[in-house]
Amino acid sequence: MKKLLLFLSLAVMVSCSEKAVEKPENLIDKDVMIDILYDITVMQSAETVDPIKMNQNNVKVNELIYKKYNIDSITFNKSNRYYASDPNRYKKMYGEVYHRLEKATEALGETSMGQTGKPIEPSDTPAIQ
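In case it helps, the working numbering puts the sequence shown at residues 1 to 129.
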């Protein structure tokens, strides 16, 4: 019984010390990955607000992202999986995305103030149906 317990303890220690996801050979740089996550967030938001217009214009979010960054779905998925395997790092990356979204929202509000004399209010945005 003691040998079995010792073996299980050793097996757990060894398995916990190994990385959950290996670093891919063609890993997308962290800063570029943050740019990609930002673009995906913006594009998916646009798709949510007006899916009919996106469909009419034949906008495919993933294809646009892959073309813009000259990557393929496998490269993106492997890199995304690698970064997501460390929750603290991934949370920081999405914190950067959130910060950029806040800055873009503020800039949009300032632009609106300059053009209309009033800030954009939540009631000014289209309702999701």
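Hints are computed from structural coordinates only; laboratory data are not their basis. For glycine and all other residues, C-beta sits at the position ideal for the given N, C-alpha and C. Treat the hints loosely; a few may be bogus.
Calculated pairs, BS3-like style, for lysine-lysine (alpha carbon to alpha carbon, straight line, at most 25 Å) [unchecked claim]:
1. 103 to 91
2. 78 to 91
3. 92 to 103
4. 60 to 78
5. 67 to 78
6. 30 to 60
7. 91 to 53
8. 67 to 23
9. 53 to 23
10. 68 to 78
11. 103 to 30
12. 103 to 23
13. 30 to 91
14. 68 to 23
15. 92 to 78
16. 92 to 23
17. 92 to 53
18. 60 to 23
19. 30 to 53
20. 91 to 23
21. 68 to 53
22. 67 to 30
23. 78 to 103
Now the in silico label distances, taken between C-beta atoms and shown as ranges [to be verified]:
24. 52 to 20: 37 to 45 Å
25. 100 to 52: 35 to 43 Å
26. 91 to 58: 14 to 22 Å
27. 55 to 22: 36 to 44 Å
Cross-check of the supplied hints:
| no. | hint | verdict |
| --- | --- | --- |
| 1 | 103 to 91 | holds (18 Å) |
| 2 | 78 to 91 | holds (17 Å) |
| 3 | 92 to 103 | holds (17 Å) |
| 4 | 60 to 78 | holds (20 Å) |
| 5 | 67 to 78 | holds (17 Å) |
| 6 | 30 to 60 | holds (24 Å) |
| 7 | 91 to 53 | violated (32 Å) |
| 8 | 67 to 23 | holds (23 Å) |
| 9 | 53 to 23 | violated (39 Å) |
| 10 | 68 to 78 | holds (18 Å) |
| 11 | 103 to 30 | holds (20 Å) |
| 12 | 103 to 23 | violated (32 Å) |
| 13 | 30 to 91 | holds (13 Å) |
| 14 | 68 to 23 | holds (23 Å) |
| 15 | 92 to 78 | holds (19 Å) |
| 16 | 92 to 23 | holds (18 Å) |
| 17 | 92 to 53 | violated (33 Å) |
| 18 | 60 to 23 | violated (28 Å) |
| 19 | 30 to 53 | violated (32 Å) |
| 20 | 91 to 23 | holds (18 Å) |
| 21 | 68 to 53 | holds (21 Å) |
| 22 | 67 to 30 | holds (18 Å) |
| 23 | 78 to 103 | violated (29 Å) |
| 24 | 52 to 20: 37 to 45 Å | holds (41 Å) |
| 25 | 100 to 52: 35 to 43 Å | violated (27 Å) |
| 26 | 91 to 58: 14 to 22 Å | violated (34 Å) |
| 27 | 55 to 22: 36 to 44 Å | holds (38 Å) |
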